[in-house]
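Using the sequences provided together with the hints, build the complete structure.
There are 4 protein chains.
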Amino acid sequence: MSRCIALLNGGGDCPGLNGVIRGVVRAAVLQRGWRVLGVEDGFDGLVEGPRCRELDLKSVCGILPRGGTILGTSNRGNPFRYPVANENGDVILKDVSRQVVDHFQKLGADALVAVGGDGTLKIARRLSDLGIPVVGVPKTIDNDLQETDVTFGYNTAVGIVTEALDRLQTTAESHHRVMVVEVMGRDAGWIALEAGIAGSAEVILLPEIPFDLDLVCDHIMDRRARGSRFSIIVVAEGAFPKGGRKIVQASADQTHGLERLGGIGHYVAAEIGRRKGLETRVVVLGHVQRGGTPSPFDRILASRFGVRAVQLIEREEYGHMVALRGRDVVSVPIEQAVDGQNLVDPDANLVWTAEQLGIMLGR
Amino acid sequence: MSRCIALLNGGGDCPGLNGVIRGVVRAAVLQRGWRVLGVEDGFDGLVEGPRCRELDLKSVCGILPRGGTILGTSNRGNPFRYPVANENGDVILKDVSRQVVDHFQKLGADALVAVGGDGTLKIARRLSDLGIPVVGVPKTIDNDLQETDVTFGYNTAVGIVTEALDRLQTTAESHHRVMVVEVMGRDAGWIALEAGIAGSAEVILLPEIPFDLDLVCDHIMDRRARGSRFSIIVVAEGAFPKGGRKIVQASADQTHGLERLGGIGHYVAAEIGRRKGLETRVVVLGHVQRGGTPSPFDRILASRFGVRAVQLIEREEYGHMVALRGRDVVSVPIEQAVDGQNLVDPDANLVWTAEQLGIMLGR
Amino acid sequence: MSRCIALLNGGGDCPGLNGVIRGVVRAAVLQRGWRVLGVEDGFDGLVEGPRCRELDLKSVCGILPRGGTILGTSNRGNPFRYPVANENGDVILKDVSRQVVDHFQKLGADALVAVGGDGTLKIARRLSDLGIPVVGVPKTIDNDLQETDVTFGYNTAVGIVTEALDRLQTTAESHHRVMVVEVMGRDAGWIALEAGIAGSAEVILLPEIPFDLDLVCDHIMDRRARGSRFSIIVVAEGAFPKGGRKIVQASADQTHGLERLGGIGHYVAAEIGRRKGLETRVVVLGHVQRGGTPSPFDRILASRFGVRAVQLIEREEYGHMVALRGRDVVSVPIEQAVDGQNLVDPDANLVWTAEQLGIMLGR
Amino acid sequence: MSRCIALLNGGGDCPGLNGVIRGVVRAAVLQRGWRVLGVEDGFDGLVEGPRCRELDLKSVCGILPRGGTILGTSNRGNPFRYPVANENGDVILKDVSRQVVDHFQKLGADALVAVGGDGTLKIARRLSDLGIPVVGVPKTIDNDLQETDVTFGYNTAVGIVTEALDRLQTTAESHHRVMVVEVMGRDAGWIALEAGIAGSAEVILLPEIPFDLDLVCDHIMDRRARGSRFSIIVVAEGAFPKGGRKIVQASADQTHGLERLGGIGHYVAAEIGRRKGLETRVVVLGHVQRGGTPSPFDRILASRFGVRAVQLIEREEYGHMVALRGRDVVSVPIEQAVDGQNLVDPDANLVWTAEQLGIMLGR
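Residue numbers (full-length UniProt numbering), protein chains in the order written: chain A, 1 to 363; chain B, 1 to 363; chain C, 1 to 363; chain D, 1 to 363.
Hints listed in this document are in silico derivations from the structure and should not be mistaken for laboratory results.
Just to be clear, a hint being listed does not mean it is correct.
No copy labels: a pair is met if it fits in one copy or bridges any two.
[To be verified] Dumping the calculated DMTMM-like pairs for lysine to aspartate or glutamate here, alpha-carbon to alpha-carbon at most 20 Å:
id, residue 1, residue 2
1, K276, D90
2, K94, D110
3, K58, D110
4, K122, D345
5, K106, E271
6, K106, D212
7, K58, E355
8, K106, D328
9, K58, D222
10, K106, E54
11, K276, D149
If you're wondering where the values come from, they're calculated on a predicted model, not measured in any experiment.
Spelled out as structure tokens, the structure:
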């Protein structure tokens, strides 16, 4: 039976999005003779318009190695709290989900593939309750989604951070400096932990393990005493000192809306400088971590997710999302995935490895 | 209790070897105050001499991102069949394993960590029978070892091949050409399969699925008929046509010892050119696939294997090797690992993905 | 005055081609309000059809970092010797240049930008004689074109080869091996020379300096005597032993049309193995050298060439090509550029540098 | 005549430093049988101690592709204003140049090779006046040194920034965002200009062309009107608005010593956001620009500089530095080089190229 799939991306950029799109199109169009409609700019494209375009084989040719998404995305467009101007010209948040359902029906699509993180998948689940046959594809560079071993985009982000650490190592070593590198991850320390190990960091600070800065300072001074006068400290953006999250937040408030000015990385560097009189430097890697060509791992995982999503539609397993489990791509209820976060377990084997390597985690 | 570990690499180069060495040294020296002796050039260094040097923390500083091995390795040195000149000056293969045991005892080491592939691990197991307390660390870019989800070096190799395919895609596309790319993997098709998917190959030929060249030719001609006049064909070095391995081997014999001249890649390209009159080009990637800086994944896996090997010694789990299972690094009898190969299962989910993407596997 | 430019690429793939196209379009369309027509598949697109498409700003958006050419190219299409089937169905070479002139006039274009190497530029010059207002843009990864300091594509090729050498170094070093790496360059040794220096090669063999293999062998044995048991030998595909080009050619003849099988790299490796009993390995880098994303240098140079070509048309400097001289992009008669080759001068400062570094050039 | 060379690096990290060291050692030790002493941590190593070590062939083996410097460096150590604690324990700046001369003589070296930027070369020239036979090697990622076409380190920095821009492009495009990327360069706009062109930036702001933010805003809005809702703006760290440097400096003063907090990049992003209501993001690339493996170009240039410096010593051309001019490495008086800066000429061909490509320079 021929079908028509609508496909959208929500949330931040993530290497591999084009791989999912290509996977869906090739599995649907080439293998099954179905149609695929690409919705533009995430849920915005369903609220407005609808804005979408037919995705044929030609439109996905050559896109696997490309970063970004050929469909555009949006961080904002939650149809249940959508920014709309009221009669006074003020922007208010309004539930326009009914409009989304109408527009979806107008498209004549049989199912919606929603590719996104926590936020997007929660919206997808609610749209599912409103009657849209939804299939989810988990996406986040932060790897903080449960029910899947890993998400695409994460491996690429770890690669970008590791490459930056490799570069910074030589400078830190030549100058006998302490370099503090703040990396992404939201509330999860995955990027910091893996890139920190791969990039030979001396200290890694994770949101999951509130840190004691005295231990960090002692570690650096011990290292200097042993003759190694340089250190790389990797700090997850969500890390915070034991009992101290508030101090950090306060300094962020003073930034008047300037993004990432004076985050936890600057705090750590300033404190180490102040306490030990060491020369420190801060690098906030920022958005370079979420763009550009995906790693082979992410290309493959994204492709697998895309073709499996089509199979879920074929089997009408709506309300489910695809997920990696060991060597297989399986199907799990979206509900289960968004009910919590995948955080680093302080007792995990990988954390033990870090400490066995002599990396200080601030505990 | 303080101990002394001897450590050696056997077999071909593999990105991550230095990560294992560094992991062993940091876990043994920094965490436990033990000593580590690095044996030079694989088993050769135990047969001769013994040739080894103390590995302290300084000696492993900065080596994690470096390819190769600071200890050197050897493809040859099987102590049970060691090349020795006899009284006539001819080279004969002799069992010198007794010498290895003597030399090992002379070192005063409590245990031997043997890092290597199938061949090295088989030797390690036999040395274990002769009384050397051995711990194994699996190593191969080909990913053909059983009992571990994956080996270090493999992820890097897939990355190198994918990058090459990215480059070749643009040329193939600009010139409307068929490009045949022969990649490593011995009897296993892992590198070909994963890099082929990641590199947008149109055809992937694996040792595990003997190929029908008519199907391959038809696929390429169909694709041309649809307007795509270029194709990338990835061929694993161990691939062979249905019922046809011998033909390929014969052509290899005619190369008079010149390595990789006229392998399966050239055969496939020549046949497609002959049968369909298409312009084909062959690239044999060769040794670039096994050297250079390891990927973050391989650095982490190698580090995990190194520190876990030290724990095995601490617990005296001799005759075992470390292995990745899901998120954990576990311990398995070496015997189990070397009793068979990890090959691509033609029914695996990943193979299904390839076919869903429209990739022709020659079946 | 509004104008219309036709644009074509000829010859092999070369990183930067899309940069030229983008430069031409942005300078012509955005700055001057002109039109640009992209001719498909090199001169083939002018002989047949004509096949071409309008290039607007959107069509060149995002193409600067992409390898290949959005227009396609052709190695064959010399309109003065164009392969055509005669009445017997045999392919003969025919002068169809009149047809090209007719087709060009039919397009209504005011000028033709021809991007290509030696062969393409020679054709362009002849078409200029036939009345087509032509402007040339030099292109070759081999850097063998005169009258310009350097061509785009070359810097990328040197980068690819250097990265491969970096990988091979670690393997050569770990295994104490002699690695012979054959690289592109046609009759010029530029890629071999620069990549060889950058990649820490021990021996570099260039077409411009016929080599004495005894000197090469002695150098390697001396190096081994000093304790360095590995060596990387970079061989330009056009290199040949003193008084010995024929031997090499003969071995190529025995390959029955299989491309690059048994080239000079295999010869050098086999001879060193035979003469000194050393373990050698050959890597023929092949087509990976000419594809993929261009280096920043090549993107800039290609962009400069593109915008300058538009200025040449504005000034009606037909029969000229753009060229880099020091910090400026200048205009030179195409005739001058194709009258000879840019080869490595054996007395150049760069060659002296190589020898001062202790690199053996076989003389 | 056998000689002994002392060698030191001064100033910030710069890819290629190890290439100079290796070039000096190979040309001196291997070609001439001289000795080379490596001074540790820049001028600090001559003030204290002296601290230095013999550099033999083995010590430079494999260092060409490595970032940083095996000798260490120092940003501080100006012997004419050296930080010394006085009797009260306060740090004062003192002229210890006499001590440097004494220590140099104690080393028994015939000449000093000083590798560094503006600051280091000025010190070198003054030491030359005090009787130390000095040869200079220019070094800076900023490319702001006169008398040489280019310095090593610069090409690598441009490459790193371009790669970051490639990544950011996909995110900017997917999110329809304005991304502001602040890059290094001190008072010179070279890195911003070249990386901006190579990375397809829409706007490039240079110190040499004070910018008019209204023009920048108009350009972005025009672009949006044409359908391109994303833009990358590259800002050199030294850029400033017309008549406005002071405002920027003031905001930097408020950072309480935190490095690079609230520089010109944040100013530009905040202003565009404020004036046009656009979503902007800032990335400050920071120290990743100056570390890590050097590009092939920089490896070659560094090697050339190293071997040529040895030749200058052989010819006793003291008080001179090596420099690239066209295809040759020449010798120029250090005095000439440090008397001014190499800045971007607003009328240069390369700047014209940028504007022809439609890049807004804020004028």
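Any hints from earlier that this structure breaks? Give me their numbers in increasing order, please. 2, 3, 4, 5, 6, 8, 11
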